[in-house]
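Protein chains in written order, with the working numbering: chain X, 38 to 463; chain F, 51 to 120.
Watch out, some of these pointers could steer you wrong.
[Unchecked claim] Cross-link-like lysine to aspartate or glutamate pairs, in silico, EDC-like; alpha carbons within 20 Å at most:
#1 K199(X) to D225(X)
#2 K81(F) to D248(X)
#3 K360(X) to E90(F)
#4 K81(F) to E283(X)
#5 K204(X) to E168(X)
#6 K81(F) to D111(X)
#7 K204(X) to D78(F)
#8 K81(F) to E203(X)
#9 K272(X) to E402(X)
#10 K204(X) to D173(X)
#11 K81(F) to D187(X)
#12 K272(X) to D187(X)
#13 K360(X) to E460(X)
#14 K81(F) to D357(X)
#15 K380(X) to E395(X)
#16 K295(X) to D443(X)
#17 K199(X) to D187(X)
#18 K380(X) to E308(X)
#19 K272(X) to D248(X)
#20 K272(X) to E395(X)
#21 K295(X) to D111(X)
Hint data in this document are derived by calculation from the structure and do not stem from the laboratory.
What you are looking at is a predicted structure, and each value in this text was computed from that prediction instead of being measured.
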Amino acid sequence: MRSVRSFRSLGVAALAVFSLSSPASASSGADAPDRTANEHADTAPKDAAPGKATPKDTAVERASFEMAGYQDNDAVTVFTPSIALGIDNASGATLRATYLVDIVSAASVDIVSTASPRWQEVRQAGSVYGEYKPRDFGVGVGASLSREPDYLSYGAYATVRKDFSEKNWSLFFGYGLSHDTAGRCGADGACTPFSVFSRNLLRESFNLGVDLVVDRQSLLTVTGDLVVEDGDQSKPYRYVPMFTPEKAALVKKGESIKDVNDNRSPERPLEQLPLTRRRFAVTARYARRIGNSTLRASQRVYDDTWGLIASSTDARIVFDVGKRFAVWPHLRFNVQRAVNFWKLAYVSRGGTGWDLPEYRTGDRELGPLWTAGGGFGVKWYIGGAADPERFAVQLSGDAMYTSFLDDLYLTSRIAGLGALGVEGAF
Amino acid sequence: MKRTLSRFVMLALFTSVTSGCAHVAAYDRAKLAHPMMTTELEGPAAGHVLAVQEGATGGGSLAESGCGCN
Numbered sequence: 038m039r040s041v042r043s044f045r046s047l048g049v050a051a052l053a054v055f056s057l058s059s060p061a062s063a064s065s066g067a068d069a070p071d072r073t074a075n076e077h078a079d080t081a082p083k084d085a086a087p088g089k090a091t092p093k094d095t096a097v098e099r100a101s102f103e104m105a106g107y108q109d110n111d112a113v114t115v116f117t118p119s120i121a122l123g124i125d126n127a128s129g130a131t132l133r134a135t136y137l138v139d140i141v142s143a144a145s146v147d148i149v150s151t152a153s154p155r156w157q158e159v160r161q162a163g164s165v166y167g168e169y170k171p172r173d174f175g176v177g178v179g180a181s182l183s184r185e186p187d188y189l190s191y192g193a194y195a196t197v198r199k200d201f202s203e204k205n206w207s208l209f210f211g212y213g214l215s216h217d218t219a220g221r222c223g224a225d226g227a228c229t230p231f232s233v234f235s236r237n238l239l240r241e242s243f244n245l246g247v248d249l250v251v252d253r254q255s256l257l258t259v260t261g262d263l264v265v266e267d268g269d270q271s272k273p274y275r276y277v278p279m280f281t282p283e284k285a286a287l288v289k290k291g292e293s294i295k296d297v298n299d300n301r302s303p304e305r306p307l308e309q310l311p312l313t314r315r316r317f318a319v320t321a322r323y324a325r326r327i328g329n330s331t332l333r334a335s336q337r338v339y340d341d342t343w344g345l346i347a348s349s350t351d352a353r354i355v356f357d358v359g360k361r362f363a364v365w366p367h368l369r370f371n372v373q374r375a376v377n378f379w380k381l382a383y384v385s386r387g388g389t390g391w392d393l394p395e396y397r398t399g400d401r402e403l404g405p406l407w408t409a410g411g412g413f414g415v416k417w418y419i420g421g422a423a424d425p426e427r428f429a430v431q432l433s434g435d436a437m438y439t440s441f442l443d444d445l446y447l448t449s450r451i452a453g454l455g456a457l458g459v460e461g462a463f
Numbered sequence: 051m052k053r054t055l056s057r058f059v060m061l062a063l064f065t066s067v068t069s070g071c072a073h074v075a076a077y078d079r080a081k082l083a084h085p086m087m088t089t090e091l092e093g094p095a096a097g098h099v100l101a102v103q104e105g106a107t108g109g110g111s112l113a114e115s116g117c118g119c120n
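Please model the complete structure; the sequences and the hints are all you need to start from.
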């Protein structure tokens, strides 16, 4: 069992950022996209003497906390507490920081099939982002860090945005660069140093998009993404069973661990994925205000050089219930075709030495599947009568059913995700 | 050929939706300013679940780093 390491205080940096701000109150440009962030009303006291008025602090500080839990019928449990802090200044400056912890406990069929015990792991991730957009042109920079005992990832990114035609449409471009290092920890919790064993992955991300005011009630965002990944992202814990050609032909979808072990060849090599991957995606997000409700929908289509093609559709309708509540149903559907080296049963031919397929995987998220999910959410505004939205409590829950169309061990998975969050503006 | 076609469809989708929108004056955007038009309703945990469960997820965010699923 890999050890659960104590939490490190990445959040200290975020809290430090938060503490640098001074108390203030003002309206936010984020809630009024038809105004530039520095177009707030003049808030200087009317009786202030000319030349002696102290500039009023127009910063808005935001904080939120969420506790989420995930459970599926493949014995995977995840708890994820997270915090997010932010400052929006009327000058157009924005600073955000996030920190989260994933506490994962798993005894999934993939773990059981390798005769490994239940394991637990803790991941910590943090990010900071700053943006300056005084008028119709803005730039932003950010950085992120994710750490777990056997995985380290860090990256940085930059964005630029330009508004046109009185903010009826905006163009944005982003570039990100990140580096992942995957290592390995043993069942006793001891981890091999990265200097002794590690696999590295370099990722460059480009995105180009446009925000559009469609009409008086509708907004549309379309984003194109290109991600260039170079490196070995094969999982160093994932062993792939091999079969003779004759036995491979008899393997059935959802074959049990016992039947696989009874029929597989002695060799069981580690997963090996291609060392380069190019991902392409186009995402459209649409929002429309209809009476006292808001339709939010998105559609994403995806293609990559491994042959995986996918479509994800997501929709919810948010109903305003008085001034204090918003409730919504949520639906999501994802379908994907397998990567082009996907096999239900990989063949290793006999003879001297092993004759293994160059690429092999047991990652069912690279196989053919579809997932249908749905749930509900409610947001309760608990601010004062003059500004009820200043503080809010949000509760949401979703259930997901996944059908694995060509996999060993599992043919389906049922999962639930619940989250309780609080947020406030100060 | 199929891949070329799918990328062409993506490009066509991207370009076609960037035209044909009406000009809306700033004073006429009250409905667009409603918080639910832009507020993020999913927390970081939901994004992580999708990143792990959908092979196509990823690349939508420049800030991503690691999925915690090694």
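Verification of the supplied hints:
Proposed proximity of K199(X) and D225(X) is contradicted: the alpha carbons are some 53 Å apart, above 20 Å. The hinted pair formed by K81(F) and D248(X) meets the criterion: a straight-line CA distance of about 16 Å does not exceed 20 Å. Annotation: proposed proximity of K360(X) to E90(F) holds, straight-line Cα distance about 19 Å (limit 20 Å). About 65 Å separates the Cα atoms of K81(F) and E283(X), which puts this hinted pair outside 20 Å; it is violated.
Restraint check for K204(X) and E168(X): the C-alpha separation of about 18 Å stays at or below 20 Å, so the hint holds. A C-alpha spacing of about 44 Å is found between K81(F) and D111(X), which places the hinted pair above 20 Å, so the restraint is violated. A C-alpha spacing of about 12 Å is found between K204(X) and D78(F), which places the hinted pair at or below 20 Å, so the restraint holds. At roughly 17 Å between alpha-carbon atoms, K81(F) and E203(X) fall within 20 Å of each other, so this suggested pair holds.
The suggested pairing of K272(X) with E402(X) holds, with an alpha-carbon distance near 13 Å, which does not exceed 20 Å. With a C-alpha separation of about 8 Å, the suggested pair K204(X) and D173(X) falls inside the 20 Å cut-off, and the hint holds. The hinted pair formed by K81(F) and D187(X) fails the criterion: a straight-line CA distance of about 48 Å is larger than 20 Å. For the hint pairing K272(X) with D187(X), the CA-to-CA distance comes to about 11 Å; that is within 20 Å, so the pair holds.
Restraint check for K360(X) and E460(X): satisfied, since their Cα atoms lie roughly 17 Å apart, inside the 20 Å limit. Restraint check for K81(F) and D357(X): the C-alpha separation of about 13 Å stays at or below 20 Å, so the hint holds. Note on K380(X) and E395(X): the hinted pairing holds, with a Cα-Cα distance of about 12 Å set against a maximum of 20 Å. Between K295(X) and D443(X) the alpha-carbon distance is near 18 Å, which keeps this suggested pair within the 20 Å criterion.
Distance restraint check for K199(X) and D187(X): the Cα-Cα separation of roughly 40 Å exceeds the 20 Å cut-off, and the hinted pair is therefore not satisfied. Proximity of K380(X) to E308(X) is assessed by CA-CA distance (about 12 Å); at most 20 Å being required, the pair is judged to hold. Between K272(X) and D248(X), the direct Cα distance comes to roughly 38 Å. Violation of the 20 Å bound is thereby established for this hinted pair. With a C-alpha separation of about 15 Å, the suggested pairing of K272(X) with E395(X) holds against the 20 Å cut-off.
Of the pairs offered as hints, the one joining K295(X) and D111(X) holds, with about 17 Å between alpha carbons and a cut-off of 20 Å not exceeded.
Of the hints listed earlier, those the structure fails to meet are numbers 1, 4, 6, 11, 17 and 19, in rising order.
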